[in-house]
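What follows is the residue order along each chain.
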Amino acid sequence: MKALALILRYKIRNSRRGFFVPRLENLLRVVVNLSVGLLLFAGAYWFFHYIFNYLGGLHEIGSLLMDKVVSLAMLTFFMMLILSNLVISFSTLFKSKETEFLLSLPTPHLNTFIARFLDNSVYSTWAFLFLALPLLASYGEVHQFRWWQYLTLFSLGLIPFVLIPAALGVGFSLLLFYLRRFTKPINIILALVALVALAMWLYLQANNPRSLTLSSLEDFRILNSYLSNLKAVSFSYLPHVWFSEGLKALTLKDFRSVSVHLLALATTTVFLFRMLFLLSEKVYFKGWLASEEKGTAKKAKERVWRRRLGSLFRFDPLFWLPPDTRALVVKDMKLFVREPSQWAQFTILLILLVLYLVNLGQLPLTFGGQQLWETVITFANFAFCGFILATLAVRFVFPSISMEGANIWSIGSSPLSLRRLFWGKFGISFVIFVVLAEILAYCSNRMLYLSGLMMVLTGVGIFLMSLGLTSLATGCGAIFANFSERNPGKIASSSGGMLTAVLSLFYVALMVFIVALPVHRYTLHLSSGLDFSPLQVVQALIMMLALNLVAIFLPLKLGLSSLEKRSDF
Amino acid sequence: MITIRNLTKKFGEKLAVDHLNLEVTRGEFFGFLGPNGAGKTTTIRMLVGLSQPTQGEMEIAGIDLKKEPVKAKLKIGYVPDSPYLYDKLSAREFLKFIGGLYHMQRREIEREADFLLDYFEMTSWCDQKAEGYSHGMRQKTVVTAALLHNPEVIIIDEPLTGLDPHSGRLLKNILKERTKSGTTVFVSTHILGIAEELSDRIGILNEGRLIACGTVRELMGMAVAQEENLEGLFLRLTRPQRPESVLST
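Residue numbers (numbering that gives the first Met the number 0), protein chains in the order written: chain A, 0 to 568; chain B, 0 to 248.
Any given hint could be a false lead.
[Claimed, not checked] Taking beta-carbon pairs under 8 Å as the criterion, some of the chain A residues facing chain B (in silico):
#, residue
1, Ala2
2, Tyr9
3, Arg12
4, Glu99
5, Phe100
6, Leu104
7, Thr106
8, Leu288
9, Glu291
To be clear, the hints were calculated from the coordinates, so they are not data collected in a lab. In this text, a Cβ means the ideal position worked out from N, Cα and C, and glycines have one as well.
Work the whole structure out from these sequences, hints included.
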């Protein structure tokens with residue numbers, strides 16, 4: 000215990016000095032980071048407050064909808080927290096020089112585990128708090144919470160809610176590395192991905208989205224019954240349900256229900272932590288050893304066989320690229336495939352997308368000539384695609400330049416200019432991105448039975464969004480490049496990453512707004528005979544052009560010039 | 000002081016350390032030589048508890064490393080080939096941290112730290128953060144941390160990495176000095192000069208096997224010609240086995 004306290008004391012001192020440095024440039028960085036954080040917090044607070052205020056004004060269904068929004072948001076946070084704890088633990092608990100150093104010291108392995116587990120929880124959770132705190136604060140504000148309600152919510156509700164996924168994510172990670180001794184990591188991760196997919200599918204089946212038919216929405220009584228139905232099918236053994244129910248009970252001052260739900264959270268946390276520590280004592284060091292000894296030599300025979308097979312297929316699909324760019328692309332592809340923390344998260348996100356598409360296909364959406372609904376659903380889907388693209392851009396494109404890491408010198412000292420590196424990164428990201436985005440847009444539009452015009456419109460919109468988001472993420476990635484960090488997850492959740500996320504979401508929202516407004520007015524014109532001038536389309540086009548000119552060229556220009564000015568290679 | 004019995008380490012199909020048997024006595028300076036990939040670092044990582052053997056036993060100062068790893072580590076001062084430092088801590092703070100983990104009293108830490116920092120000429124830098132240190136200064140800090148608690152066994156993987164000749168000389172002197180007071184020093188290196196100059200005994204590891212072990216004089220007895228020196232002997236013993244066709248071209 001004494002040793003753990005000592006480790007934590009010096010680690011905190013080390014981290015604290017990373018934040019509070021008296022030098023002017025660092026001070027400026029802290030001021031910028033704080034401003035970005037406050038802006039993000041204030042923006043999220045305003046957004047949720049607006050939504051909750053609006054919902055609060057809807058009689059009968061308002062509070063039900065509000066609770067449903069909180070419950071869905073908490074479910075999303077819960078899943079994201081498990082995922083981020085799992086992925087970030089690869090490089091905090093396992094592949095880390097600091098972990099190796101701590102394990103070489105004369106202190107039990109459990110101390111190293113606890114110290115690195117705390118690091119992992121902080122890295123994985125802080126970005127979540129920037130969204131969860133304003134959401135809950137605005138919910139409390141709308142329901143006129145008193146100080147003790149906030150105190151109960153944050154101390155007894157939010158802390159266990161954050162710790163449960165931390166224990167689960169790290170627990171999965173411990174098992175993953177322990178099992179690595181017996182099988183290849185790809186097999187374990189594929190099994191994990193299949194499990195996540197199955198769990199999500201079962202959950203969505205249990206929540207039965209088929210019960211939503213658009214014609215029902217016209218009748219509030221049926222909608223009420225639909226929402227009650229949703230409540231009944233919610234799986235009540237999940238922490239997000241306990242949290243949401245606890246929150247609702249706190250609003251109603253139903254102390255019995257508050258105690259039941261918060262106790263469920265607390266006891267689950269204690270139980271999971273006990274299990275986690277028991278598990279770590281049994282498997283952590285063995286798992287760490289397995290991660291260190293991954294250099295299992297392949298049999299010489301296997302290598303020769305592979306080489307021969309490779310020589311039979313000499314076709315190079317990248318032959319059209321200049322040799323240096325080709326070398327960069329090949330290197331990036333190989334590193335991506337060989338880094339489980341990269342492709343595991345990418346695969347899970349892809350699975351979630353496929354689930355989204357499958358469930359979209361199961362919705363019995365027939366618009367019956369109601370163009371208003373077609374427009375609403377089209378742009379809801381367009382916004383969703385944009386949101387997914389923004390997430391992918393921040394997580395995978397933003398860290399790409401920083402990921403050159405300590406080896407940036409090999410590029411800095413090679414004939415490949417930094418300008419070419421920058422454009423190479425941008426080009427690779429854009430091609431992958433636009434293909435993925437167009438497939439997503441096409442499939443989801445097909446499943447929504449959209450008309451040809453809507454298909455073309457969203458197709459063009461998604462193309463522009465791919466370009467805009469790739470430019471934003473590459474440009475900001477160069478401006479906030481951090482060559483000393485090896486973990487892409489941590490790079491994406493740095494202050495630069497958060498700023499990029501905010502800018503990307505803002506850009507997506509503006510794009511949706513600019514494109515949706517004239518289309519909405521046009522459909523109203525067709526259905527209710529409202530005035531519509533073609534000039535509105537021209538205005539929208541000019542606004543879209545201006546927005547994209549700024550979103551594409553400005554980050555690229557600033558990013559490139561920032562990268563070329565850097566001297567810390 | 001260091002006892003290694005039948006130590007074997009396999010990475011999948013590859014045998015990294017092959018039934019190694021070694022006894023290093025109290026106050027002995029042992030030079031551990033071998034070409035790249037011979038298994039030196041793997042052996043050292045097993046000795047400091049950062050890797051577990053597939054087979055075999057190890058004892059440090061009579062303590063079984065497998066049964067009592069924490070107790071055994073208290074006896075060791077370890078300098079890895081690529082050391083880790085907390086960038087935002089100064090050398091002095093890092094030493095206080097390490098001293099605490101080795102159960103040293105504050106006064107004792109301060110006294111030893113002052114002596115070692117002064118010895119390695121780090122006094123003017125020791126209160127600055129490690130992020131500004133050169134490669135050599137980082138190495139000196141880690142060496143200082145390894146010597147701080149007066150360990151019974153010092154294990155160093157490549158001791159002169161990043162050190163200038165003057166600092167290298169200081170390190171060699173203090174290590175030799177420590178052996179005189181009973182400390183065992185186990186040094187893995189590529190630099191034959193260090194082994195020849197300092198070692199009481201030298202072990203040569205090749206493809207995981209200890210192919211030669213003895214004093215410099217004993218090893219020179221294995222020389223095939225009178226003019227063959229330690230370098231020539233080392234190269235001959237560790238020469239890779241190549242097919243005839245390759246050799247003839």
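Okay, the hints, checked on the actual structure:
no. : hint   : result
1   : Ala2   : 6 Å, holds
2   : Tyr9   : 4 Å, holds
3   : Arg12  : 7 Å, holds
4   : Glu99  : 7 Å, holds
5   : Phe100 : 4 Å, holds
6   : Leu104 : 5 Å, holds
7   : Thr106 : 6 Å, holds
8   : Leu288 : 6 Å, holds
9   : Glu291 : 7 Å, holds
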